[in-house]
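K.L.:
Given chain A's structure and the hints, the job is docking chain B onto it.
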Amino acid sequence: MQEPGMSMMRAILVKRNEPRSEDEKNELQMNELRELAGAAGYEIIGELTQTRHPDRKYHLGRGKVEELAQIVADLRPDKVIFHNPLTTMQIYNISETCRCETIDKFQLILEIFATRATTHRSKLQVELARLEYELPRARAVISLLKKDERPGFMGLGGYEDSYAQDVKNRMIRIRKELETIQKDNETLRAHRHSRGFSLVALAGYTNAGKSTLFNALVDEAVESKDMLFTTLLPTTRSLNVQGRDVLLTDTVGFIEDLPHWMVDAFRSTLDEIFLADVVLLVVDSSEPLELIRKKLLVCHETMWDQLQDVGIVTVFNKMDMISEEELQERMLSLGYLAPDPVAVSARTGMGFDELKASIHDLLPEWKRITLSFPMSEEAMSLVAWIFEEGVVHSVNYEDGISIDLEARDKIINKAISLVKTLS
Amino acid sequence: MFDIIAVDISGRHKVKDGYFMVCAAVSASVTADHVEKVNQIAIRTFRSRSAPEVPDVVKMVEETVSELKFSGTLVTEAGDFYNKPQWLIDSMFSHELKYQESLSERRCIEIAHHVSLSSRKLLLKELDIQ
Numbered sequence: 029m030q031e032p033g034m035s036m037m038r039a040i041l042v043k044r045n046e047p048r049s050e051d052e053k054n055e056l057q058m059n060e061l062r063e064l065a066g067a068a069g070y071e072i073i074g075e076l077t078q079t080r081h082p083d084r085k086y087h088l089g090r091g092k093v094e095e096l097a098q099i100v101a102d103l104r105p106d107k108v109i110f111h112n113p114l115t116t117m118q119i120y121n122i123s124e125t126c127r128c129e130t131i132d133k134f135q136l137i138l139e140i141f142a143t144r145a146t147t148h149r150s151k152l153q154v155e156l157a158r159l160e161y162e163l164p165r166a167r168a169v170i171s172l173l174k175k176d177e178r179p180g181f182m183g184l185g186g187y188e189d190s191y192a193q194d195v196k197n198r199m200i201r202i203r204k205e206l207e208t209i210q211k212d213n214e215t216l217r218a219h220r221h222s223r224g225f226s227l228v229a230l231a232g233y234t235n236a237g238k239s240t241l242f243n244a245l246v247d248e249a250v251e252s253k254d255m256l257f258t259t260l261l262p263t264t265r266s267l268n269v270q271g272r273d274v275l276l277t278d279t280v281g282f283i284e285d286l287p288h289w290m291v292d293a294f295r296s297t298l299d300e301i302f303l304a305d306v307v308l309l310v311v312d313s314s315e316p317l318e319l320i321r322k323k324l325l326v327c328h329e330t331m332w333d334q335l336q337d338v339g340i341v342t343v344f345n346k347m348d349m350i351s352e353e354e355l356q357e358r359m360l361s362l363g364y365l366a367p368d369p370v371a372v373s374a375r376t377g378m379g380f381d382e383l384k385a386s387i388h389d390l391l392p393e394w395k396r397i398t399l400s401f402p403m404s405e406e407a408m409s410l411v412a413w414i415f416e417e418g419v420v421h422s423v424n425y426e427d428g429i430s431i432d433l434e435a436r437d438k439i440i441n442k443a444i445s446l447v448k449t450l451s
Numbered sequence: 023m024f025d026i027i028a029v030d031i032s033g034r035h036k037v038k039d040g041y042f043m044v045c046a047a048v049s050a051s052v053t054a055d056h057v058e059k060v061n062q063i064a065i066r067t068f069r070s071r072s073a074p075e076v077p078d079v080v081k082m083v084e085e086t087v088s089e090l091k092f093s094g095t096l097v098t099e100a101g102d103f104y105n106k107p108q109w110l111i112d113s114m115f116s117h118e119l120k121y122q123e124s125l126s127e128r129r130c131i132e133i134a135h136h137v138s139l140s141s142r143k144l145l146l147k148e149l150d151i152q
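Here the protein sequences come in this chain order: A and B. Residue 29 is where the first sequence starts when you use my numbering, and the numbers rise one by one after that. Residue 23 is where the second sequence starts when you use my numbering, and the numbers rise one by one after that.
FYI, nobody ran anything at the bench for these hints, they're computed from the structure. Hints are all accurate, no fakes.
Away from chain B, derived, C-beta distances all over 12 Å, residues of chain A:
1. Asn-112
2. Pro-164
3. Ala-192
4. Lys-196
5. Gln-210
6. Glu-315
7. Asp-348
8. His-388
9. Glu-393
10. Ser-400
11. Ser-404
12. Met-408
13. Asp-427
14. Asn-441
Once the Cα atoms are required to be at most 20 Å apart in a straight line, the calculated DMTMM-like pairs of lysine to aspartate or glutamate come out as:
15. Lys-59/B to Asp-368/A
16. Lys-106/B to Glu-50/A
17. Lys-106/B to Asp-285/A
18. Lys-322/A to Glu-99/B
Listed next, the stretches of chain B that the computed footprint assigns to chain A, with coverage defined by at least 3 CB atoms under 8 Å from CB atoms of chain A:
19. 46-56
20. 119-127
The structure presented is a predicted model; accordingly, all values stated were derived computationally and were not measured. Cβ coordinates follow ideal geometry from the N, Cα and C atoms, glycine included.
Chain A with its partners taken away, still in its complex shape:
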């Protein structure tokens, strides 16, 4: 995402660990922050951690912030990035002490989304998420900025309300606009359903390999990288699953501690998952068992309240990178979190047949029927139409036409009534 020839922004990463928390967990969280910073185009020039309870004023201890200020003075980074959520007061105090712009993990995620948002809709979503983040801070920011200045006669007026109100108004406007776009998308989805397409969505933790699997399944070239949040816009392509055409959608990945307002802001992106007939929950099986469990947990937590009556297939991707025994052990231990597990390798194409069979089993049911009618010109056009709309298992042209077909209810009923008019 960094233009060649441009110098990368430099950042120092800071994390406060909870006392008595597991080292392994802290290291994983730090690693994720490193990857996020990398995805946002930062070069990491320093790291700092402290284990303590949060300080109201500085989040870290005062001494540690002074140490951070010294490091900033020596290394001159463009930004200081905190893993932990910071209050406006803390951001202000740390920035003042360190003389460097300070952001937290959510602002970093917003930055990534903002730089990759290309369509009108995704730009609106990013703006809405930014405003949602800003709203509770709006008053505090103005109080801090205008500390010594009060507008109006003798300084009794206030900026706070008008600014917060302005943020609210902008949010309402954006929501309305997003609603209109969402309605258009819902109509498109209803249209796809009525055309007989079933919807299948890829979901999973960020960097699980959803886009690679998508490319391999539909033979496409959607951008896929070993980087967090490569996909921000859902892409849909048609996929043939044992004779039935389904629409497969690649979606944005989940991440730990993603706040609910952010899930709401990107709801229309996530709707692709929530309104699908089948969800493919992709996990990277080459990772350690505990890490897979934690990532699955995040997926369950993000999806559980929104999913209704959806079939879920858990796809253990990257099976070529571990041994058969390791794979079996992981699938067995994660059984309670992984519905309908299937192991595949998006790189080699291993396990695709089993995956398609699992998807087929969970698709909305189609009926199977045998129709017989006399041969005529109209009958031939009916056969052509049936071939287009359903799956034909066999056709027999001896003594009239006998056709064994599988299709959704609506098509079967229409075919039966057409056959009646023919005979």
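P.N.:
Relative to the frame of chain A, chain B by itself:
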């Protein structure tokens, strides 16, 4: 399929001069993403003058679960035990206990939550406590 018992307590805030709590335990058979069968639901009420501490919550859950005919792993929200580590809470129970993880476990806790909340509302109305 796994057998679980999802537990939720409503009313952990002061009303008038005490705490009127309802604990609901839902015994269910689940897969990772679906609740296959709800076997039984048990409800019990508890009163206390002071705010419940962790040992009190453990006692309430144990008492409610003892009314069920079915066994299974207890599943609760971490918040019910003041976000204390799972291993610590698990060691205080005679049953196996875990915090909610899968879609179906969350769905069962949702059921327990609605049961405890609505039965508490009904009780407060009937006993005329507001």
